[in-house]
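Undergrad: Given these sequences and hints, build the entire structure.
Protein chains in written order, with this note's numbering: chain A, 991 to 1424; chain B, 991 to 1424.
Be aware that one or more of the hints could be misleading.
For identical chains, the list gives no copy identity; a pair is met inside one copy or between any two copies.
[Said to hold, decoys possible] With a straight-line Cα cutoff of 27 Å, these simulated DSSO-like cross-link-like pairs (lysine-lysine) come out:
1) 1331 x 1257
2) 1327 x 1173
3) 1152 x 1163
4) 1028 x 1322
5) 1163 x 1034
6) 997 x 1080
7) 1196 x 1049
Keep in mind the hints are simulated off the structure, nothing from the lab.
Number of protein chains: 2
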Amino acid sequence: IISNNDKEITALFSEVHFADIAEVLDEVNFEEAIYIIKLLDSEKTSEILTELDEDTREKILKNLSAKEIADEVREMDTDDAADIIGELSKERQHRVISALEDDDHAADIKELLSYNDNSAGALMAKELVKVYETWTVAGCMRRIRGQAKDVTRVHSIYVVDKEDKLVGRMSLKDLIIAKSDHKIADICKAKVDAVNVHQNDEEVAKIMAKYDLEAIPVVDDNNVLVGRITIDDILDVIREEADKDYQMAAGFSQDVEADDTIWELTKARLPWLILALFGGFISVSVLGSFDNAINTFPELFFFTPLIAAMAGNVGVQSSAIIVQGLANDSLKGSLFKRLLKEILQGLLNGFVLAALLMSAGMLFLGFPLDLGITVAASLISVIIIASIIGTFIPIILAKKGIDPALATGPFITTSNDILGILIYFSIAKLVLGF
Amino acid sequence: IISNNDKEITALFSEVHFADIAEVLDEVNFEEAIYIIKLLDSEKTSEILTELDEDTREKILKNLSAKEIADEVREMDTDDAADIIGELSKERQHRVISALEDDDHAADIKELLSYNDNSAGALMAKELVKVYETWTVAGCMRRIRGQAKDVTRVHSIYVVDKEDKLVGRMSLKDLIIAKSDHKIADICKAKVDAVNVHQNDEEVAKIMAKYDLEAIPVVDDNNVLVGRITIDDILDVIREEADKDYQMAAGFSQDVEADDTIWELTKARLPWLILALFGGFISVSVLGSFDNAINTFPELFFFTPLIAAMAGNVGVQSSAIIVQGLANDSLKGSLFKRLLKEILQGLLNGFVLAALLMSAGMLFLGFPLDLGITVAASLISVIIIASIIGTFIPIILAKKGIDPALATGPFITTSNDILGILIYFSIAKLVLGF
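TA: As structure tokens, then:
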């Protein structure tokens, strides 16, 4: 790159898949990336741009004029074009769209930009193959030859009536197998899954995954066909959703990547840490309120981190099961049954762990029996209560429309820490009487 | 169902999508499920079986004879058939396969069963559309009409030479657009991504996601075309992988679902809890070894859960970033840079949190300055060290071929708890001199 031999670079990259070039551009320094983008022809660079990491793309787009961006966007499918234009400022969005020569393309992109983020409308592409039910197979083949050139992948051919309302679908295969004088209305499948343009993208993902669909048509409130969503877009939705749950469980307040700046990372990490610190401060006060026990039973204080940690671990386990169950729609049975099940599990786990703890404490640390019983009874109570809280918090969050994955984060751990310590010392006070 | 009116049930279900029937069967009791399966025709039930929850399916298959299972399997694509037969005992596998009338289908299934779990071979289907490079477009169309009937979805047409080695691919669209007297060799794309039959399924998922492929051909070591993998199978791989990471982070030792039995759930939860208990026990000993401080500085002991919790939270955050980075192949830069970055973040987070803690402690709890300094300095040290450990454990695990997601589970939290307490009291001893 340093030698600036343009021809060589062009030749080198012409053989390489755009996804691989995108990876290279994510790695090289910024001037080099701009240089390469400007060097290659727009057919290739438009594909590269869609594959780039969001941060890299943002930097590159800043350095291209509205005209240059319009040239890139012209080559893209409407959904990719709308995604990229959507990342620009409102003012630049207008400039880029008016720089587009093809008015239809510009109108399609504008329409896609008008839908809410996370709706089927924002996810769909306008490119699709559409035929009227009154056409014959032969006529259809002729027209599809025209339409299909604009569509990267023909998954399904959508059949509409004269008002553009969706009435059926068929595959290219069906068309090839059919006799050429048949009417489309006779050979198409009348039952077709479709989603509404305002439907949430996670719901769309669930429907497509459940019915193993590779593309789904999108209709407006009048059942007019307005676009289609393909499985590769859904793949991104599923992955983002999984990443989000994972990051929430790990305690981030926003989407982060390993290569974000220290400042971005700190912004995502610090809020939860401050919450955890606040929780920790409450646990300090709780412990402080039992300080009259410190001279008679110092061992009690040695066990607080253990009890708190067990409460946290058990709570996260219980929450994670519910969060996954909610995500897969696989939660069955009544709340009461679930409660009973958690209590039984808590008892089972609690007894095993308490037995281990009590025997270890009495054997290795020479605990008196009453202290052993206190610690063991506390452990069982704390485990049962942490299980119940861990189970119900995500269910309650989901009912209130909050992402239940929030429960697996430091929130549950911290609350369970505090509650665990409180229960532990209350039981100790009861048994040991200080 | 109770009325046992067979005709009505058949009529009712004939209009319903098999994925929905599968959901119903997962809910109803077991005799009813068997009854419905035996009632419906095998074309429908074979689809239902592939959609059922694994546990429900296992129970149903137990109650069908080898002949009945073979009838179901006959209607399935080879990959689904192999998945279902693979769940049976070795001895029943043989009986079902020999009950299959179609020898080719049986041989294909046997071949698929012979590949390692989690390999491309175990994931692929034998059904695909294959043409020879020497054919003409017209001849190709004729033969595809025959082949395509067996293939649910034609994504790509794979072009092979006379030794069945993969030489190219094209889409149905390419074929329809082409002139009928052209040779296939002239119109097909010679560059085709393929995976080896022994390649790991997660690698296949990464390749397909990166290049936005909807199907990928699978070749053996001699580049002979042996099958193809479609995106819907990859969807399952990605989801399973995400679920696995999530469950590891939450502290399960095996795959669980909310509706598993109490026994299965306990088996998955207890191992990590015992490990955490063992870790907790070490923290008890560490605290016990500093017991001479308990009379002079009892407040120190009130802060142990706070310090331990902060160490755990910070460690999990650091690990989660690395685990995600490793999963997306987005970790760039040297180890040294990453180390520096973590230390800087730790310092930044640590100072903010320590300042909050120190002022709160001195204001509300009336701490003397030296105790405030001790707690604050410990918090900063603990956060930095937990960040470093959280960063490097997953990297080391990945290098040793162990799933790095293990690091986000109770393992890191527990180690950081212990280490945090040790650092805290060591600093306290240094500053306060007890």
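Undergrad: Could you place residue 1028 and residue 1322 in one of the four classes (within, between, both, neither) given a Cα distance threshold of 27 Å?
TA: Classified as between: cross-chain Cα gap 25 Å, same-chain 56 Å, threshold 27 Å.
Undergrad: When no copy is specified for residue 1331 and residue 1257, does a C-alpha distance of 27 Å or less occur within a copy, between copies, both, or neither?
TA: Answer is between: at 14 Å across copies they meet the 27 Å cutoff, but 39 Å inside does not.
Undergrad: Up to 27 Å between alpha-carbons, please classify residue 997 paired with residue 1080: within, between, both or neither.
TA: So residue 997 and residue 1080 fail the 27 Å test inside a copy (37 Å) and across (61 Å) alike.
Undergrad: Between residue 1152 and residue 1163, at a C-alpha cutoff of 27 Å, which is it: within one copy, between copies, both, or neither?
TA: both (24 Å within a copy, 25 Å between copies)
Undergrad: If the cutoff is 27 Å on CA atoms, where do residue 1196 and residue 1049 land: within, between, both or neither? Let me know, please.
TA: between (34 Å within a copy, 26 Å between copies)
Undergrad: For residue 1163 and residue 1034, with the copy left unspecified, which applies at a CA distance of at most 27 Å: within, between, both, or neither?
TA: between (30 Å within a copy, 21 Å between copies)
Undergrad: Cα distance capped at 27 Å. Does residue 1327 pair with residue 1173 within a copy, between copies, both, or neither?
TA: Neither: 55 Å inside a chain and 66 Å across chains, both beyond 27 Å.
Consistency with the previously given hints fails for numbers 2, 6, ordered from lowest to highest.
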